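Trainee: Protein chains in written order, with the working numbering: chain A, 1 to 110; chain B, 1001 to 1113.
Please note that a few of the clues may not be correct.
[What the hints assert, rightly or not] In silico DSS-like links for lysine-lysine, alpha-carbon gap of 25 angstroms or less: (1) B:K1057 with A:K97; (2) B:K1071 with A:K97; (3) B:K1083 with B:K1009; (4) A:K2 with A:K105; (5) A:K42 with B:K1009; (6) A:K67 with A:K56; (7) B:K1070 with A:K97; (8) A:K2 with B:K1083; (9) A:K2 with B:K1057.
By construction, these hints were calculated from the structure, which means they are not laboratory data.
Being a predicted model, the structure only gives us computed values, none of them experimental.
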Amino acid sequence: QKEVEQNSGPLSVPEGAIASLNCTYSDRGSQSFFWYRQYSGKSPELIMFIYSNGDKEDGRFTAQLNKASQYVSLLIRDSQPSDSATYLCAVNHFYQKVTFGIGTKLQVIP
Amino acid sequence: DGGITQSPKYLFRKEGQNVTLSCEQNLNHDAMYWYRQDPGQGLRLIYYSQIVNDFQKGDIAEGYSVSREKKESFPLTVTSAQKNPTAFYLCASKVENSGNTIYFGEGSWLTVV
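The following block holds chain A by itself, in its conformation from the complex (with noise of 0.2 angstroms):
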């Protein structure tokens, strides 16, 4: 089992609607939750973080933490096309190790 699955997608949204990816972890001592976007050629940029469990709202972005069923979810509302990137979700398991998902490619359609 993979210490942190995403689905590699592509998923695609019309411009406007909700996009929702989704994140499990094998971990259970993990600590903290990150996602990342990446353009195709850059490095990953924090979108946001979270470490308990809920919700966590910064302008269109929701993180999503459930820790009991090992899940951890991004909402991106009013997506636009310059949303359409891939999106890995991290996760800070025992001394400082930080894993990455296979991130998930968002395609916003205008």
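Mind docking chain B on chain A? Use the hints.
Mentor: Relative to the frame of chain A, chain B by itself:
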């Protein structure tokens, strides 16, 4: 400006040659990381270091070596033992507050010729 600097941005390696990728940070972060990304793939952890003079293997350490002699620097050597080194290499460092967030350098593209 504070940040993570990787060099070179593009590097070509001949068969059987060792090459070293530089990573320098002036963010005063303790932890540093090296990841490899292949086209269309996620990030795979090569090595990470929590503190000076200490580092741990990640998931794909074979064929790579690192050193951490200074807090600011974490160079990665791609040795001739790494049979498929062509990839995008990302260096990162981590801040201990703000949820232990990892920040990345701009990356280095390594191609075998």
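Trainee: Take the hints in turn and mark each one as holding or not.
Mentor: Tested hints:
no.: 1; hint: B:K1057 with A:K97; result: holds (10 angstroms)
no.: 2; hint: B:K1071 with A:K97; result: holds (18 angstroms)
no.: 3; hint: B:K1083 with B:K1009; result: holds (21 angstroms)
no.: 4; hint: A:K2 with A:K105; result: holds (19 angstroms)
no.: 5; hint: A:K42 with B:K1009; result: holds (11 angstroms)
no.: 6; hint: A:K67 with A:K56; result: holds (14 angstroms)
no.: 7; hint: B:K1070 with A:K97; result: holds (20 angstroms)
no.: 8; hint: A:K2 with B:K1083; result: holds (24 angstroms)
no.: 9; hint: A:K2 with B:K1057; result: holds (17 angstroms)
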